[in-house]
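Spelled out from the first residue to the last, the chains are:
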Amino acid sequence: MNSLVDKRFELADQSRFDADEVVRPNISYWQDAWRRLKKNKLALLSMAVLIILFVMSMIGPGLSGQNYTTLTPEIKNLPPDSTYWLGTDYLGRDLFSRLWKGLRFSIFVATVAATLKVVIGCIYGAVMAYLGGFVDDVMMRIVEVLNSIPYLIVTLIILVVLGNGYLPLLFALCITNWTSTARMVRGQILKLRESEYIMASSALGASTTRVIAKHLIPNTLSLIILDMATSIPHIIFDETILSFLGIGLQPPAFSLGTLLSAGQEAMAFYPAHLLFPSLLLCLLVLAFNILGDGLRDALDPQLRD
Amino acid sequence: NGSAGKSAGGDTAATGQTSQNEKKGPNGETLASEQIAHGQQFHVITFDTAQVGDSESGSFFLATCEGLFRENHGVLENAGCEKYEVSEDGLTYTFHLRKNKWSDGVEVVASQYKDTIERVLNADLACPYAFFTFPIKNAEKYYNGECDFKEVGVEAVDDYTLKFTLEAPEPYFTDKLSYTMFNPIRVDNIEKYGDTYGTDAMQILSCGPYMVQEYTASQSTVLVKNPEYWDAENVYLEEIDLQQIDETATQFQLFEADQLDFVAASGDYLKKWDQAASEGKCQLYTNGDVASQFFSFNTQESSPSGLMQNAKVRKAIAYTLDSQTFIDSVYNSRYTAAYGLVTPNIKVGDKEYRTEVPEPIKEEYSEYANNPEKLKALFHEGLKELGKDTDNLSTITIQFLGYGESTIEKDIEQYVVQRIQDNLGIKVNLNIVGDFGLAHSAQVAGEFDMCMQVWGADYNDPMTFIDIFRTGGSSNYGKYSSETYDKLLDQLAKEQDNEKRLKLYEEAETILIKEDVAIKPLLYRDKHSYINNRLKGFQYPVFGGKYEFKYAYIVEE
Amino acid sequence: MSSHDILEVKHLKKYFGVGKHDVLKAVDDVSFQIKEGETLGLVGESGCGKTTCGRTVVGMYRATEGEVYYKGQNVHKLRGKEKKAFNKDVQIIFQDPYASLDPRMTVAEIIGEGIEIHGLAKTKKEKEEKIAHLLEIVGLNKEHANRFIHEFSGGQRQRIGIARALAVEPKFIMCDEPISALDVSIQAQIANMLIQFQNEMKLTYLFIAHDLAMVKHISDRIAVMYLGSIVELAESENLYQNPLHPYTEALMSAIPIADPKIEDSRQRIMLEGDVPSPINTPPGCKFQGRCRKVMDKCKCEAPKLIEVEQGHFVACHLYHK
Amino acid sequence: MAKYIIRRLLEMLITLFLIVTATFFLLSAIPGNALTSKIAKLPKTVQTKIIQKYGYDRPVIERYVITMKGLIIKGDFGESIIRPGETFAKNLKAKLPVTIRLSIQQILLGVTAGILLGIIAAMKRGSYWDKLILVGAMFLVSMPSLVISLLLQKYCANGDILKLPIIGWPKGKELWLGGWKYTILPTIAGSCSFIAYYSRLTKTSMLESINQEYTLTARAKGLSEMQIVKNHVIRNSFIPIITVLPSTVAGILTGSLFIERVFSIPGMGRYYIEAVQGRDIPIVLAGTTFYAIITVITMLITDILYGIVDPRIKIGAGK
Amino acid sequence: MSQESLLKVEDLKVSFHTYAGEVQAVRGVSFEVKAGELLAIIGESGCGKSVTSRAIMSLVKAPQGEIKKGSKIIYHGKNLLEMNQKEQRAFRGGECSMIFQDALVSLNPTMKIGRQIIENIIQHRQISRKEARQEAILLLEAVGIPNPETRIDQYPFEFSGGMRQRAMIAIAIACDPKILIADEPTTALDVTIQAQIMELIKGLKDKLKTAVILITHDFGIVAGSANKVAVMYAGQIVESGGRDEIFYHPQHPYTLALLGSVPKLEWKNKQLLHAIKGTPPDLISPPKGCAFAKRCNYCMNVCLEEMPEITYFEAGHHASCWLHHKEVPAANKKMFQDDRKMIIVNENDFVVDEDQSYE
Ligand SMILES: Nc1ncnc2c1ncn2[C@@H]1O[C@H](COP(=O)(O)OP(=O)(O)OP(=O)(O)O)[C@@H](O)[C@H]1O
Ligand SMILES: Nc1ncnc2c1ncn2[C@@H]1O[C@H](COP(=O)(O)OP(=O)(O)OP(=O)(O)O)[C@@H](O)[C@H]1O
Ligand SMILES: [Mg+2]
Ligand SMILES: [Mg+2]
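Residue numbers (the numbering used here), protein chains in the order written: chain A, -15 to 289; chain V, 44 to 600; chain L, 636 to 956; chain Z, 100 to 418; chain W, 15 to 373.
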């Protein structure tokens, strides 16, 4: 027993210790954000919904085996049955296939326009922040001017000048939206430029490109992603409004907005023509909104814990 | 002024009727105690008669003004004039005016008609329909500043005699005179408002059956009976409430709820309310309109495909689509299928052109209908003539310039594309422009092989349609040019005999549509409306305005 | 001015424009030299311009007026290669170990940045070895290299910051309050590390802090700043034993000392009020408002920094002959 | 302060000048305008006269100079091409009150209801109320206002549930304060998205304030949860809300388009859109300028409001 | 000084539930304070000082934070943790108040200083707003703010750091609390201001007989003001006792190491300090033995395995360290005592009996 006691009170072998042990799991910012997103059941659900919607928009149009572009007026306005699962529209096209196809266009338009917007906004904002001074003032003024012109007129003018079609529509949708991104990016970069780690990097002799690539972009990325996620539902709405005004896509292309506007005209007799596109639009926007909220919570560095 | 009841309700005592129940309608019906009609607000563009060129504004002036003539059940009746004479050579028109008063008590006199001509011809005002007066002697010269107004052929002989002298005889001159812009004007009133004249209904002095009591732009108008009107005793409605309702669905909702007395058919409502009308739940009003819709082909060699200068090619394309099938399929049979250019309701003298002259290609269609082989053969023939024949038609693409503002309109043009592609196997590139300005400039620039065109008649004579395709005409987008056709037009200008004119028109229409296939007729617009059972005598005139309230009354149900 | 001076600051001024018309004189006519291998401590209350001074000295801010010479070259006029060489020679350790490390980078990336920029490692392996070595000398281990910094404690982060600075083998390090944000036990770790590296690598430090005890322990000479100006500069021992400026005196007496006996028997010189705003300071001595020994002269004339004893400079009218 | 406002107003003038110029040249760059459709059918002689009347026979620069001159001298962009004799100013007089009332009602309902719901959600965070509000807000924000309007019309007007007019708007004497029944549905339809937006915004910013240290101080004083929210949280959480107010105001003016169409309300939105679609250039120019002025003024007001809500921001004092 | 204790904390355990696991921020802390006494709690960042003080004020936020069952905070014989909301509120601000670390964020930025003080007065005392305002002016004057009449209507941002902290103190003493908790009241301040604030707090304690719990990590401040000191490490109190005992006769290696980390004026320039290696343990998975073991120079095998017992010394001085166990070889103890002699040069100024535990 004595020997046991002695052992207990012997000095421990210090070289075995690691006093600087880090016990917390090693996760990067993105892993952490993902972990937080995973905790948000609603966001996960909406992500699942979005994936389903996305998949459906890809396979949905072919699913019922019906043609959704050919007009067959003989079979117009049919109620749902086993061939036309949601019935046919006012020109005899399969509503089910059209719905998914329209969704595909809406998703496509929204994501591409959001990407464009973000890219333009980032470049513009970064240039503003980087050049500063007079250039910044002028560019800021341009943003201000653009912000003060009702977006609808800008859109209209663009669509009128460039004609209706994908590219003009995308262009119009992003041109009216990019200013917020530009401001956000400018603010973020100005903030980051003052931050000590950027100073440290330049004190090490880092070139501007390096600072941008290694520090500015990674540290702005989460905001940009968030911006993109939250602007998608806005763009979907904007596109709907344009289609509704008859200046969106032109046939044979169509989107949920087109379906909605056609459905509204048929509402009194065939409520389904309005109901289904509305529901799908709601679902899509809802899912994007909830996901956006979830992302906000997940990406917010202040909530990090 | 101001004798009419203010509020909507039972203030009818003001009209002086002692016992309302005793009052009978023109056909002996029992009249309702409340003579108020509910309608849709006219989209009035201007309250200046000189500037009016559209039927919505025209409707307003039909109700509030009295011109020389008024259309009643498709027939021109003397209104502002009691009678008139035309000289032998057809150059001098003398009108004897009726005694009538403006709503402020001032007499309506001949000089006020003359003032109208002077004002319309004032080039500074740039009145769009100034050219309606150009048949009057020296009118165009005066308009271009080449002579004095004294030399223009209009004269107020005395207060109640008005004389027009024409440059050349024009058989449909009186038809033109029924237009809003020829209504008498009150120069004193116009001067009172100066620059702002024409922007507010409240400025208008009335010499017609009704006058304005209340007006809110793009919202509502209240018209009340004009006690000073010469025929006031035959005007039944005490009040007309007009309200702006943009959405079709809402219009029908209100119509169903008896809050709207008449509504134009549209989309799927057609079936429902046609059914209702047949059950006697409402009155159905149908009549032809005077607008024609057709495709124009670009007859120039420089057309995008470079094929359209050949008549056979044009014909093959045109005949792929049967107008009747088209309207049945996409318009719920709403409009009338067209196989000619001139719409029904257009008259030559007192004969309706379309009943006298058959549509040029009605029969021929059946030969080609659903016969792709024949169509293709025709198409190949045409290509051969051009020296561009090919076995593979799918390499050919033609450019179709569409125009449409609503989703449905745009979709419908798809149907045309589909027909051409299915029948001929060629490719059609559809370019729908939703903006009038852009569509127009593309049309003028000839950036199309075929384009959609709509034409509304300006006056009641086939000339209003036939004249479009004169060589160098401003709306002749396809740049159609035919010596024979132009000659026929020149002949027509001189010809006064209606029988001969009919023949000449027939010839011209046949050349245009059947032989040269410069256009492909699609449909005639029509009027298709539902009227509440209690509203009787309400009319949709062919020219001048959309609605005619003068003869309307409300019966007890 | 001796040949040993690695750095020489001459009449350095740094003004910030605030608002439309006001200027904030963060650094107002400051001159000093630092000898090779020496540590110059810079102390003063919060907002007195220590950081600004330090940053202007190492060329991170452009000077409003005055010059800074590093090894005889004007720091603010360096371009291209020379600038790069300067960046390699002169490094910074920041106060806030949280804000000065990029949260999106791993430890290896942070430390490796300077190595990459200056091409100090030929192969990837060499670089990794270098990083591992640097981690080791700051007391961390290889396993930490692939971690993100938010998992580290403040002291560990500060050590990473030091490793980053050491990675480019600098000659001169501006330490901007490197230990103020740390715990007592960690402060000693870092201070030891700095002392050790100085001995091993012949480093020169500009050591900014407001903890006088630590500054005194680490520095050879100390400059005391008040509202943008240096009020006293002396050998650290000398400054402690014999503070001349009334502000230095008060500062000395205010430092709490971890010894109850001393604390109980201490007479504190209480300064009235707070440090005034550096915007639009009145003429005369900047300390006049809080000074116990204020004289009429102090209100109109700003005292110059003069040498009253060998190596002991003070800017106070009391010592003007 | 006065000096600050004057300076801001001058800056606004420059911005407005830029906007007018940009819009003018953009509009001029597009082929065709209201004139095209107006004269399409007319004979050449008349066409020329009309083109002359509106000055479109002149080069763009000259037209620009004339427009600007007219703007400075008469304060107007000239008469409408589509509706001869009409000017924007005249329409403004008739239509602005309608739009203003509609906007005010929408903003009042939308923003107050949104904020109240947001406060409730923040105070009862984690409860069923919170979840209900969250889900409700999400739904409202995801539903196009068009669909909301149509649903309201279908189920709340002339229906079994409620007997409200389907369309229309108070006029004449009732323009400002009467005819409430007409305004109920459009107001609700228009404010839905604001309710949703503001409730979420309020909740977030309230939670942010609640998590601040000063709430801890307040709690340490022994204040009750109610008092803490009332005295400490609300004012601080209003600061981010104020930031988005100008976009709300600007958005509501153009955003009422559908509401105005569906409910047949003679407001500015519809008028402006019609002008844009018909490319009635003088009216479009005037309308754009008008909206720009509103946007810019709301921004100014926001900045002033900032100063009131947040004492740290001294307006007029530098950045 | 055998007066009855005013506040007694017994076996306080607080945990936070985070994604990485349960953070055991406070792991069984016990101490007591008497009226007119200043207890300093000293320890490194993250060792649980603030959480302890917040637990006393029942400001630990659910659902993340949890005060474990069995913890007791006894005030006037009643367990605060079992009181209802209303009683707790009366205690907070009335009986016991708190000065927070960073006055800049602890004062409501959009509320005038005056209102923030008045609010507290009105909450706990039955007086009118007007009287409360007078009171507030007096309070501001008492804490040494010049021109209190005008200052009372200013916003926190118009105050300098030191004045803000004084305003915080004014709020804290507004209702003459029996207990004042000051959580690092001077950390954000300059030394000259710090001296002023500390004078103020000491004055309060002496004049009003308030019991003060001062939380800090600066030994200098403790030396100048405390009556009693509790040294915290990793959520536990490792040593506690009278000020002089702690400073001149520390019985825990951690306390000794802390003292050794501060450069002494009499030390040679650039001499290496007695630094403690490594970093404190992460409280997510606290070591099963002594939390300090891995950083301790005298670490024995037992330290890594078992939690040390508390050893009591003279006059309330106690420490939790295996070194004081009877069976520990003398060589080990000697090592510690030698180091202590080296670090605390004037150890002999303070004479106590040799290390004898009084069990
Ligand atoms: N970029 C800047 N623009 C305007 N003012 C600045 C800027 N940087 C610093 N200042 C001001 O200059 C003065 C000196 O600041 P500096 O950071 O150098 O002080 P410091 O002595 O380092 O203080 P601390 O001990 O708090 O770090 C302060 O009043 C500060 O507000
Ligand atoms: N809300 C919380 N959620 C999770 N962990 C928390 C929370 N608050 C405190 N902690 C943890 O509890 C432990 C003790 O924190 P505490 O704030 O009491 O430290 P402290 O001793 O006051 O440190 P400092 O000197 O930095 O103020 C820390 O590890 C901290 O991470
Ligand atoms: Mg600093
Ligand atoms: Mg703390």
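Don't take each hint at face value.
Unchecked claim - For lysine-lysine, the following DSSO-like pairs were computed, each having C-alpha atoms within a straight-line distance of at most 27 Å:
#1 L/Lys706 - L/Lys716
#2 V/Lys537 - V/Lys184
#3 L/Lys896 - W/Lys302
#4 Z/Lys230 - V/Lys557
#5 W/Lys278 - W/Lys340
#6 W/Lys92 - W/Lys82
#7 Z/Lys140 - V/Lys157
#8 W/Lys348 - L/Lys896
#9 V/Lys126 - V/Lys180
#10 W/Lys75 - W/Lys86
#11 Z/Lys329 - W/Lys144
#12 A/Lys198 - L/Lys706
#13 Z/Lys230 - W/Lys75
#14 W/Lys221 - L/Lys896
#15 Z/Lys230 - V/Lys219
#16 A/Lys22 - Z/Lys230
#17 Z/Lys152 - V/Lys530
#18 W/Lys348 - A/Lys(-9)
#19 W/Lys126 - A/Lys(-9)
#20 W/Lys100 - Z/Lys223
#21 W/Lys282 - A/Lys(-9)
#22 A/Lys198 - L/Lys718
#23 V/Lys522 - Z/Lys143
#24 Z/Lys253 - A/Lys60
#25 W/Lys221 - W/Lys291
#26 V/Lys419 - V/Lys470
#27 Z/Lys140 - V/Lys219
#28 L/Lys806 - W/Lys282
#29 V/Lys570 - A/Lys60
#30 L/Lys759 - A/Lys198
#31 L/Lys759 - L/Lys712
#32 Z/Lys152 - V/Lys537
#33 L/Lys837 - W/Lys282
#34 Z/Lys152 - V/Lys180
#35 A/Lys198 - L/Lys719
These aren't lab readings, by the way, just hints derived from the structure by calculation.
Each hint tested on the structure:
This hinted pair checks out: L/Lys706 and L/Lys716 have alpha carbons roughly 15 Å apart, not beyond 27 Å. With a C-alpha separation of about 20 Å, the suggested pair V/Lys537 and V/Lys184 falls inside the 27 Å cut-off, and the hint holds. Only pairs whose Cα atoms come within 27 Å are accepted, and L/Lys896 paired with W/Lys302 is rejected, the gap being roughly 38 Å. At roughly 71 Å between alpha-carbon atoms, Z/Lys230 and V/Lys557 are farther apart than 27 Å, so this suggested pair is violated.
Distance hint between W/Lys278 and W/Lys340 is unfulfilled; the C-alpha atoms sit about 33 Å from each other, more than 27 Å. Restraint check for W/Lys92 and W/Lys82: the C-alpha separation of about 17 Å stays at or below 27 Å, so the hint holds. Annotation: proposed proximity of Z/Lys140 to V/Lys157 holds, straight-line Cα distance about 26 Å (limit 27 Å). Annotation: proposed proximity of W/Lys348 to L/Lys896 holds, straight-line Cα distance about 26 Å (limit 27 Å).
Our distance criterion of 27 Å between C-alpha atoms is met by V/Lys126 and V/Lys180, whose separation comes to about 22 Å. Taking the CA atoms of W/Lys75 and W/Lys86, the gap is near 17 Å; set against the 27 Å cutoff, the hint holds. Restraint check for Z/Lys329 and W/Lys144: satisfied, since their Cα atoms lie roughly 21 Å apart, inside the 27 Å limit. Using a Cα cut-off of 27 Å, the hinted pair A/Lys198 and L/Lys706 is violated, with the two alpha carbons roughly 31 Å apart.
Note on Z/Lys230 and W/Lys75: the hinted pairing holds, with a Cα-Cα distance of about 21 Å set against a maximum of 27 Å. Only pairs whose Cα atoms come within 27 Å are accepted, and W/Lys221 paired with L/Lys896 is accepted, the gap being roughly 23 Å. Among the hinted pairs, Z/Lys230 with V/Lys219 is inconsistent with the structure: their alpha-carbon atoms are about 70 Å apart, more than 27 Å. Restraint check for A/Lys22 and Z/Lys230: the C-alpha separation of about 19 Å stays at or below 27 Å, so the hint holds.
A distance of roughly 35 Å separates the Cα atoms of Z/Lys152 and V/Lys530; the hinted pair therefore is violated under the 27 Å criterion. Between W/Lys348 and A/Lys(-9) the CA atoms are separated by roughly 18 Å; this keeps the pair inside 27 Å, and the hint holds. For the hint linking W/Lys126 to A/Lys(-9), the alpha-carbon distance of about 65 Å lies beyond 27 Å, and the restraint is violated. For the hint pairing W/Lys100 with Z/Lys223, the CA-to-CA distance comes to about 19 Å; that is within 27 Å, so the pair holds.
Distance hint between W/Lys282 and A/Lys(-9) is unfulfilled; the C-alpha atoms sit about 39 Å from each other, more than 27 Å. Distance check on the hinted pair: A/Lys198 and L/Lys718 sit about 21 Å apart at the alpha-carbon level, within 27 Å; holds. For the given pair, V/Lys522 sits about 16 Å from Z/Lys143 by alpha-carbon distance, which is consistent with the 27 Å threshold. For the hint pairing Z/Lys253 with A/Lys60, the CA-to-CA distance comes to about 25 Å; that is within 27 Å, so the pair holds.
This hinted pair does not check out: W/Lys221 and W/Lys291 have alpha carbons roughly 42 Å apart, beyond 27 Å. A threshold of 27 Å between alpha carbons decides the hint, and for V/Lys419 with V/Lys470 the separation of about 13 Å falls inside it, so the pair holds. Between Z/Lys140 and V/Lys219 the alpha-carbon distance is near 16 Å, which keeps this suggested pair within the 27 Å criterion. About 25 Å separates the Cα atoms of L/Lys806 and W/Lys282, which keeps this hinted pair within 27 Å; it holds.
Straight-line distance between C-alpha atoms of V/Lys570 and A/Lys60 comes to about 24 Å, which keeps the hinted pair within the 27 Å bound. At most 27 Å may separate the alpha-carbon atoms for a hinted pair to count; L/Lys759 and A/Lys198 meet this at roughly 18 Å. A threshold of 27 Å between alpha carbons decides the hint, and for L/Lys759 with L/Lys712 the separation of about 34 Å lies outside it, so the pair is violated. In summary, the hint linking Z/Lys152 to V/Lys537 is not supported, as the alpha carbons are separated by about 34 Å, beyond the 27 Å threshold.
This hinted pair checks out: L/Lys837 and W/Lys282 have alpha carbons roughly 19 Å apart, not beyond 27 Å. Distance check on the hinted pair: Z/Lys152 and V/Lys180 sit about 25 Å apart at the alpha-carbon level, within 27 Å; holds. Between A/Lys198 and L/Lys719, the direct Cα distance comes to roughly 19 Å. Compliance with the 27 Å bound is thereby established for this hinted pair.
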